[in-house]
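Number of protein chains: 4
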Amino acid sequence: MKTPFLLLGLGLTTLPVLAQQNDPEPEPMRPGMSEYWNPKPAVVTPGVTMEAPSDAIILFNGQNLDEWTTDKGTPAQWKVEGNVMTIDKSKGDILTKRKFNSFQLHIEWRIPKDIQGTSQARGNSGVYLQDMYEVQVLDSYENPTYVNGQAGSVYKQTPPLVNAMRKPGEWNVYDIIYTAPVFKEDGTYLYHPYVTVLHNGVLVQNHTEIQGTTEYIGFPKVKKHGAGPIRLQSHGDPSAPISFRNIWIREL
Amino acid sequence: MKTPFLLLGLGLTTLPVLAQQNDPEPEPMRPGMSEYWNPKPAVVTPGVTMEAPSDAIILFNGQNLDEWTTDKGTPAQWKVEGNVMTIDKSKGDILTKRKFNSFQLHIEWRIPKDIQGTSQARGNSGVYLQDMYEVQVLDSYENPTYVNGQAGSVYKQTPPLVNAMRKPGEWNVYDIIYTAPVFKEDGTYLYHPYVTVLHNGVLVQNHTEIQGTTEYIGFPKVKKHGAGPIRLQSHGDPSAPISFRNIWIREL
Amino acid sequence: MKTPFLLLGLGLTTLPVLAQQNDPEPEPMRPGMSEYWNPKPAVVTPGVTMEAPSDAIILFNGQNLDEWTTDKGTPAQWKVEGNVMTIDKSKGDILTKRKFNSFQLHIEWRIPKDIQGTSQARGNSGVYLQDMYEVQVLDSYENPTYVNGQAGSVYKQTPPLVNAMRKPGEWNVYDIIYTAPVFKEDGTYLYHPYVTVLHNGVLVQNHTEIQGTTEYIGFPKVKKHGAGPIRLQSHGDPSAPISFRNIWIREL
Amino acid sequence: MKTPFLLLGLGLTTLPVLAQQNDPEPEPMRPGMSEYWNPKPAVVTPGVTMEAPSDAIILFNGQNLDEWTTDKGTPAQWKVEGNVMTIDKSKGDILTKRKFNSFQLHIEWRIPKDIQGTSQARGNSGVYLQDMYEVQVLDSYENPTYVNGQAGSVYKQTPPLVNAMRKPGEWNVYDIIYTAPVFKEDGTYLYHPYVTVLHNGVLVQNHTEIQGTTEYIGFPKVKKHGAGPIRLQSHGDPSAPISFRNIWIREL
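Chains as they are written, first to last, in the numbering used here: chain A, 112 to 363; chain B, 112 to 363; chain C, 112 to 363; chain D, 112 to 363.
Hints listed in this document are in silico derivations from the structure and should not be mistaken for laboratory results.
Treat the hints with care, since some could be wrong.
Since the list gives no way to pick out one identical chain from another, each pair is judged satisfied if it fits inside one copy or across any two copies.
[Said to hold, decoys possible] Straight-line alpha carbon distances no greater than 25 Å define the calculated SDA-like cross-link-like pairs of lysine to any residue that follow:
id, residue 1, residue 2
1, 224, 303
2, 278, 146
3, 278, 239
4, 278, 133
5, 335, 158
6, 210, 287
7, 335, 294
8, 335, 299
9, 210, 153
10, 210, 351
11, 332, 195
12, 210, 297
No experiment lies behind these values; they were computed from the predicted model shown.
Based on the provided sequences and hints, a complete structural model is requested.
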């Protein structure tokens, strides 16, 4: 509350209302009154360093693409070798067979050491959350581009807080915490989607409100949707192909 | 938590953790433990129907424009007659001399009965919150226009939930609850501005997040600012002039 | 971002990254790129002063209690006379037959002119949102009580911002904007319920987060629920009976 | 919007408002209209696995407690050996000399392999954010206690989403993203503090709203405060002492 003031032409004042001598204090409590024993959080065995925790769904175990499909519903056919999957541009995007609501996603990705090109034509891919909202994958190591399109951005919306990119040839890690939107009956957001991203352990998106779809052209769009897959983009960019490994997800 | 499932190739399970027989219950409490007597809310005498409450700052008392100025700092010179102020297009916008942070604003406005024109060229004005964010004023009674530009919209951002417009010649009322943004050091929003608008007592904006400035062209912009005045727009629109009355504000 | 500093023992610095001379500016846009014409907000005819707008459900039309029932499912039997309903303590609470999610509610209430008693025993009733969360009704005109239990409070949680109470014998008005909670599968809130309350046109709750049920004793509880009725409380308080009139609701 | 319905006794309807044939579409845009090149995110060199990134403040480098003090302002005197600091119960809590607002904090902690005791008397310590809000440290490996007091809880408020505890003798990791509260002039929260916690890489707090101080007894309290240190608790618990290592923080 502001300090009292005379009202123009009315002569009224707001009187501060003071505590009174006989005002009761709230009754004292004891510690056990704020201690709950149930329900108990489930026990999860965490992975060592970068392994999946015990309650994760393994989306890529290094051996095959059994968890992945294509837009046509055919088997995903990117190259798998040495625990790593690599984009095959002739095969298009791949997406998970499973659909997810809110989740924690771990995914590692590598720009080829001999990457060529500049700006968006240098290691361009993307991780689409619920098949709607892209967290950009790009070589952002000493590669200027528009900031809402560099690695760690919510594409064409929110730049990363910092640029935590590793050099081409080294593995980058995204740890993504995604909260799915809640829609009103009319198809607009009651609550937006939100995303937190750690890039190589460095916070680059901090509970960022996602405005809508991550459009290449124009304003974000709001489209009602339910659970959706994770999509990995096979971008038209002619630079050398990006690899992924150690992909797991925990439903929240 | 989801139901347990076998992890691919790992053979681990998530075991549900059950309540145990000897789990303590939280200790019982008494009513007085959740009763606070201080600090006491200030006493405010509400107005009768549409009069200002006792703690409001009267921005227009029907007599003069003493609370208003222009962009040049000169005295505001719109027409004042019969408790009503009316836009004088030759005099430009007017804005309050006082600056505000978060507030509750009451303002009444009237489209002339003989209004001419269509779409945005029909009774166009606006109420700018902190001189940054426009709540649109327009004749939206049977006057099609883009919906994020009709009366009750956050201009070029969020359409009103419904169209609660009264006919030309009748008084419209806006009750606006505005929460000022909080900025980070880098000039971006830590928390966006939010606005709730009742148009003639009907909710048209429900704690709407304001994206940034309400630009005529292009995306909203984020510009760091502090307290700001209320601005009333003298729009270039050639249709007949809009009137205002009974304007008061309560700082929150 | 903070100013660069030397890292202890590492000798690294954070280098500010400057805009470069050849950085492109975003391409210019035109006004029509941010103008949407659909979907159009529904047209609602607002009430005159305190009448219901055209899209409201009339919960009390002054004639009968056809929209109300009791906990036993029997017809509501409070006294109806002269467009006013008055609590009959022998008949218990009444609640709407309809159930609601998010809504805008208008309700007027009056403390009898000859009210007796003090603190919570002076005109005690309540408006329960979705039958779960109480906005307190009480004579708070010069009647000290715990502040999170006075008129306009979210009972035992959040005091009103100010005390906008009218004298006994005069009509008080609540305009309540309520956003229903969203629950996670485990029965806890994904998003809390929120409430905004205008008391006689004065803001007393500003998008207040409701912590859980409004318990007489102890901490708020989180209980999963769906749509629910509006409940009006027949409190055990022995002071004179409270009246209500002009009750309408708009689903959001 | 809901489907139209007849209003009781008023005979009005809400008419759906349809798109019209000549409604303009928003003008098309080009990609460059949503591409920003400035300001550029600072470049941060991420650590390898668990090393600090280049813009972190190293709070414990394994060598000394130069960044820490006590409640009396005297030098912190816990035991430092082999890159590890260990609680000395005779020396009390330690807290950082620096004060922080919002931050990303990395801290590793270890329960002794030979821990004894049960419930809260088994490896009890805590990490206090801004010296106000405790993230609990405890041996929660097969050690039942109240769930809002186990490892990863916001103490006496919010249990962890899951129990991701490692065995006694192994190192646990907290990655904590903390957003400081914003206060109103009256000392209450305009925006609550929020915390996200990863425990051994597993999400245990997801942008959790902190209700107030983490009291041993009774309701959380709201106390206005500014920047504050990180406090590590030397708890009265008689079980064997807890160790910490690799502590770094990034201001947000």
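**OP:** Give the relationship of residue 210 and residue 153 under a CA distance limit of 25 Å: within one copy only, between copies only, both, or neither.
**Re:** Cα proximity of residue 210 and residue 153: one copy only (22 Å, versus 35 Å across).
Original post:
Between residue 278 and residue 133, at a C-alpha cutoff of 25 Å, which is it: within one copy, between copies, both, or neither?
Top reply: Only across copies: residue 278 and residue 133 sit 24 Å apart there, 69 Å inside one copy, limit 25 Å.
**OP:** Can you give me the call for residue 210 and residue 351, within, between, both or neither, at a CA distance of at most 25 Å?
**Re:** For residue 210 and residue 351, neither the intra-copy (29 Å) nor the inter-copy (46 Å) Cα distance is at most 25 Å.
Original post:
How do residue 335 and residue 299 come out at 25 Å by Cα distance, when the copy is not named: within, between, both, or neither?
Top reply: Classified as both: same-chain Cα gap 7 Å, cross-chain 24 Å, threshold 25 Å.
Original post:
For the identical chains here, do residue 278 and residue 146 meet the 25 Å Cα criterion within one copy, between copies, both, or neither?
Top reply: For residue 278 and residue 146, only the inter-copy Cα distance (24 Å) is at most 25 Å; the intra-copy one is 49 Å.
Subject >> Homo-oligomer pair classification [residue 297, residue 210; C-alpha up to 25 Å] >> reply: both (23 Å within a copy, 19 Å between copies)
Subject >> Homomeric proximity label, residue 335 with residue 158: Cα distance no greater than 25 Å >> reply: Cα proximity of residue 335 and residue 158: none, with 35 Å in one copy and 33 Å across.
Original post:
When no copy is specified for residue 210 and residue 287, does a C-alpha distance of 25 Å or less occur within a copy, between copies, both, or neither?
Top reply: Only inside one copy: residue 210 and residue 287 sit 16 Å apart there, 28 Å across copies, limit 25 Å.
Original post:
Taking 25 Å as the upper bound on the Cα-Cα distance, should residue 335 and residue 294 be classified as within, between, both, or neither?
Top reply: Both: 7 Å inside a copy, 19 Å across copies.
**OP:** Have a look at residue 278 and residue 239 and pick one of within, between, both or neither, based on CA distance no larger than 25 Å.
**Re:** within (23 Å within a copy, 36 Å between copies)
Subject >> Homomeric proximity label, residue 224 with residue 303: Cα distance no greater than 25 Å >> reply: neither (38 Å within a copy, 41 Å between copies)
Original post:
Using 25 Å as the alpha-carbon threshold, which applies to residue 332 and residue 195: within, between, both, or neither?
Top reply: neither (34 Å within a copy, 42 Å between copies)
This entry does not satisfy hints 1, 5, 10, 11, going by the numbered hints stated previously.
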